[in-house]
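Enquirer: From first to last, the protein sequence lines stand for chains X and C. Its first residue numbered 0, the first sequence is counted upward by one per residue in numbering that gives the first Met the number 0. Its first residue numbered 0, the second sequence is counted upward by one per residue in numbering that gives the first Met the number 0.
Source of the hints: derived by calculation from the structure; they are not laboratory data. Note that beta-carbon positions come from the ideal geometry of N, C-alpha and C, so glycine has one too. Careful, some of the hints might be misleading.
Said to hold, decoys possible - Which residues of chain X face chain C? A partial, calculated answer using Cβ under 8 angstroms:
1) Leu245
2) Ala314
3) Ser328
4) His352
5) Ser386
6) Leu388
7) Glu390
8) Glu394
9) Ile396
10) Trp403
11) Ser404
Stated by the list, open to error - With a straight-line Cα cutoff of 27 angstroms, these simulated BS3-like cross-link-like pairs (lysine-lysine) come out:
12) X/Lys399 <-> C/Lys122
13) X/Lys399 <-> C/Lys21
14) C/Lys21 <-> C/Lys77
15) X/Lys84 <-> X/Lys112
16) X/Lys95 <-> X/Lys116
17) C/Lys114 <-> X/Lys399
18) C/Lys88 <-> C/Lys122
19) X/Lys116 <-> X/Lys84
20) X/Lys95 <-> X/Lys84
21) C/Lys122 <-> X/Lys320
If you want the building blocks of each chain, they are given just below.
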Amino acid sequence: MAVQLPIFMDNHSTTRVDPRVLEAMLPYFTDDFGNAASRTHAFGWKAEAAIEASRETIARFIGAESGREIVFTSGATEADNLAIKGIAEYYGAKGKHLVTSAIEHKAVLDSCKRLEKDGFSVTYLPVGKDGLVEPAAVEQAIRRDTILVSVMLANNEVGTVQSLEEIGKITRAKGVLFHTDAVQGIGKTPFDVRKMNVDLASLTAHKIYGPKGIGALYVRRSRPRVRLVAQMDGGGHERGNRSGTLNVPGAVGFAKALELYEREGAAENERILGLRQRLYDKLTGRLEKVELNGDWERRLPGNLNVSFSFVEGEAMMMAIKDVAVSSGSACTSASLEPSYVLRAMGLDEDLAHSSIRFGIGRFNTEEEVDYVAELVAAEVERLRAMSPLYEMYQEGIDLKSIQWSAH
Amino acid sequence: MAYSDKVIDHYENPRNVGTLDKADEAVGTGLVGAPACGDVMRLQIRVNDDGIIEDARFKTFGCGSAIASSSLATEWIKGRHIDEAATLKNSQIAEELNLPPVKIHCSVLAEDAVKSAIEDYRKKQAVRRALAGEGASRADLAGEEASV
Numbered sequence: 000m001a002v003q004l005p006i007f008m009d010n011h012s013t014t015r016v017d018p019r020v021l022e023a024m025l026p027y028f029t030d031d032f033g034n035a036a037s038r039t040h041a042f043g044w045k046a047e048a049a050i051e052a053s054r055e056t057i058a059r060f061i062g063a064e065s066g067r068e069i070v071f072t073s074g075a076t077e078a079d080n081l082a083i084k085g086i087a088e089y090y091g092a093k094g095k096h097l098v099t100s101a102i103e104h105k106a107v108l109d110s111c112k113r114l115e116k117d118g119f120s121v122t123y124l125p126v127g128k129d130g131l132v133e134p135a136a137v138e139q140a141i142r143r144d145t146i147l148v149s150v151m152l153a154n155n156e157v158g159t160v161q162s163l164e165e166i167g168k169i170t171r172a173k174g175v176l177f178h179t180d181a182v183q184g185i186g187k188t189p190f191d192v193r194k195m196n197v198d199l200a201s202l203t204a205h206k207i208y209g210p211k212g213i214g215a216l217y218v219r220r221s222r223p224r225v226r227l228v229a230q231m232d233g234g235g236h237e238r239g240n241r242s243g244t245l246n247v248p249g250a251v252g253f254a255k256a257l258e259l260y261e262r263e264g265a266a267e268n269e270r271i272l273g274l275r276q277r278l279y280d281k282l283t284g285r286l287e288k289v290e291l292n293g294d295w296e297r298r299l300p301g302n303l304n305v306s307f308s309f310v311e312g313e314a315m316m317m318a319i320k321d322v323a324v325s326s327g328s329a330c331t332s333a334s335l336e337p338s339y340v341l342r343a344m345g346l347d348e349d350l351a352h353s354s355i356r357f358g359i360g361r362f363n364t365e366e367e368v369d370y371v372a373e374l375v376a377a378e379v380e381r382l383r384a385m386s387p388l389y390e391m392y393q394e395g396i397d398l399k400s401i402q403w404s405a406h
Numbered sequence: 000m001a002y003s004d005k006v007i008d009h010y011e012n013p014r015n016v017g018t019l020d021k022a023d024e025a026v027g028t029g030l031v032g033a034p035a036c037g038d039v040m041r042l043q044i045r046v047n048d049d050g051i052i053e054d055a056r057f058k059t060f061g062c063g064s065a066i067a068s069s070s071l072a073t074e075w076i077k078g079r080h081i082d083e084a085a086t087l088k089n090s091q092i093a094e095e096l097n098l099p100p101v102k103i104h105c106s107v108l109a110e111d112a113v114k115s116a117i118e119d120y121r122k123k124q125a126v127r128r129a130l131a132g133e134g135a136s137r138a139d140l141a142g143e144e145a146s147v
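Okay, chain C solo, but in the shape it has when bound (with noise of 0.2 angstroms):
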């Protein structure tokens, strides 16, 4: 199979690969895929007081267009505001990456991988404002942990 060049750019110069500490208050994780399925995407996000997204660090296990796929999606929603990033689609990656249909999937895992941190992120803030005495008791948010 022929990669474009631009699947070939993102996989040998990916930007943004690493870590953010996931126990951070301002940081939100999406883990996303199966290892049985050839693919897993762990993004994540690190959002300031104004809910722009500062920084975005991303890991991946799978093919070539899953990891520039990740890695596309990093650079696009850097220094967006999280509402903003949470409306991206699969198929402005797939379009932007060149991508063959049987490789839409691995748009598809980035698009559930950035909605996926914002929840997550989203939820860390409930958690918080609850926390702070904005509403409900800790016992109704038991649930609502985060669970990556």
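Next comes chain X alone, as it looks inside the complex (with noise of 0.2 angstroms):
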């Protein structure tokens, strides 16, 4: 069968909306359109309906006690935004010390960045190798005055999976409270807050086949109870944790989203994984120097993060064009920095900018897996082919043992 071009193969920057998920929510925007706060007519009482039917769907699947502890945002960048300031500000009394690590989201590295410059003091965790967080490193980091530890569930670059309950144990017994940014985890890793001990957790809906512009914040309501000082002011909306009108479709898309992972999830997750798999072991049988980055066990079942030795990530992207991957190599961007979580976890800055995500979701198929991989070892060869470094490479000389000209 004929593959269709471009393949979408970036699943962690976003997913397609599922098509079930997108006929759950129209009705939403042209009859039952009414604003889910408007508390005096049908139209209103219909919307809140809703609302409060996602809201312990939600709930639900992510093992909290009730709807009440779901508190929608915009997104997980505005839901990080939201645990990391507001608990900051509610509880800086108590404390300014907060716990993260050096490879969470920018959502939450630099919420925390503007609290250092607010008088905060925040121990970044370093991770190893395989991009994980030494749950160890977490309690010795723990001070008198650390009022908060968040530590995301997956990475979004190489996918691993943190160990959370390890972490919420040690949390839980210190009584720090406990964040996670659970964006790229849910629903296909193991989540649930009150085994992990997680008083707070962000959201989004459009990384599984929900809609953009939607996400939550959870916040526990008892054993602890977690207060925080909202960062949006208004009409004081979802208990007056974030003022906005409520964005109901979305809400509605997003409940529907987790509704298909609690049908299909498990089945779904197994068969993104056999095509992982299939795809790891195309390139590497046909391809030498091919370095994976982060552990192997301990990852999301659709992410593939590799390094094609002696190739430059962006070029690779170029000639792979008609896929739509990701790549380490900040070429792009201004600073020509590479890829800051990889140098977290130590990756030499050639390799970080030879790195390569395929993210593989719900709408891959075999045969796209199959194309992609026979495209991908193409070029690589066909780049190594003009790169200098790969000549020195198969001539025996130590990369490293050059003097190179920094520029």
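Put the two chains together into one complex, using the hints given.
Expert: Right, here's the structure in full:
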């Protein structure tokens, strides 16, 4: 069967809305378009009912006690900001120290940086070559004045899944609040706020075949009851935690996306894992010096992050322009610095420049994987043929022994 | 990022990819950049007795713009005298390829590669002349061995 181009294999960046999700959303644009805050007429009641049902679905999916623990936001960036700044503002009198990891999403890292300017101090935990945070390091980093630990469920670049259950035991024992950015992992790896002692969790719909523009922050309401200061002022929606008219179709789509995972997630993850293995086997079967980035076992099923040594990532993406993937080469960014995640993992910078992230998802097929593997292998071979580094490697020259000119 | 048609053309059909014998006296080799920075260019020239660049070859590790810059540079210097080739400016490459500001460094690297290859060739010639008895003793030249 011929594949259709272009192929989307960048499912960590976003995902196609599942047609069933779209179908569930549509009535809320046109027929049931009311404002969920309108308490005085049927349009408002219908919208509110849809919102409350969505809240319950989301709460159930993550193991929360009730829908009242779900605060809708515009997405995970807002949820991360609300969690970190909102907690810091509420608990700042109690302590001014936070713990997070060096490979968090920028929404977490930059929120922490903002707090540092406001007099807070932040410990950025290192990760190993495997892309994993040591729970023991979390324990050691917690001080008397620590108010929050924020460690992501799964990393967006290398797909590594962190030990939240172990970290949650530590934070609970130490009486420190625990936030996780669960965006990449939800639906794809087990996540349960009760089992993992998570107090706040950032979620978004568009990574799980839902719409863009809707996310949520889980905020625990008992044992302990978590308080935060709203970062958006206005009509006092979401129990005063997040003002702004609710995105009703978005919330409905978000919930529908999770319902699909409840029904089909296990089988789907199994299938995607098979595709990932197939892609990896084909690439490594044909090419030498393909380096896997991040732990192989504790990884999201759809993630494959590899460095094709001696080939620069952006040139690689240009070569396979009919396939959407991404690269840790920051050749396009103004800083010219490669991925901070890969560097935090201690990867040599040349390998970071050579990294490609494949994100396999629900709508990818075996035919697409075969096509991509074939194309990528052929283009790596073509680019290696014009790479001076590959020639040196073949001649047995140690690239590290060369005095390179900086520029 | 959208690439210019010229970058795409040079990237997809690079001119003069290859390797010349770096031990050959008539060959100058320039190796510039660093793997850690995401680009390394090796540019080589073969120069005849009249100082004309008869052949130019490159291999580049880098993005599409880096590959295109080195490809274009080899095209331009081929057939020219080394003195003329040495005046090649990165701005000419950047202009011809329509490089955006963030990619200007690719053209700088190509200019450096050309200059470095010419310098290497000139050093080799100086050594050759010296060994032929035109001047200094071998000992004086020990530090001048081509380094690439």
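Enquirer: Work down the list of hints and note, for each, if the structure agrees.
Expert: Now the hints, each set against the structure:
no., hint, result
1, Leu245, "violated (37 angstroms)"
2, Ala314, "holds (5 angstroms)"
3, Ser328, "holds (6 angstroms)"
4, His352, "holds (4 angstroms)"
5, Ser386, "holds (5 angstroms)"
6, Leu388, "holds (5 angstroms)"
7, Glu390, "holds (6 angstroms)"
8, Glu394, "violated (10 angstroms)"
9, Ile396, "violated (11 angstroms)"
10, Trp403, "holds (3 angstroms)"
11, Ser404, "holds (6 angstroms)"
12, X/Lys399 <-> C/Lys122, "holds (25 angstroms)"
13, X/Lys399 <-> C/Lys21, "holds (20 angstroms)"
14, C/Lys21 <-> C/Lys77, "holds (17 angstroms)"
15, X/Lys84 <-> X/Lys112, "holds (11 angstroms)"
16, X/Lys95 <-> X/Lys116, "holds (12 angstroms)"
17, C/Lys114 <-> X/Lys399, "holds (24 angstroms)"
18, C/Lys88 <-> C/Lys122, "holds (22 angstroms)"
19, X/Lys116 <-> X/Lys84, "holds (12 angstroms)"
20, X/Lys95 <-> X/Lys84, "holds (11 angstroms)"
21, C/Lys122 <-> X/Lys320, "violated (43 angstroms)"
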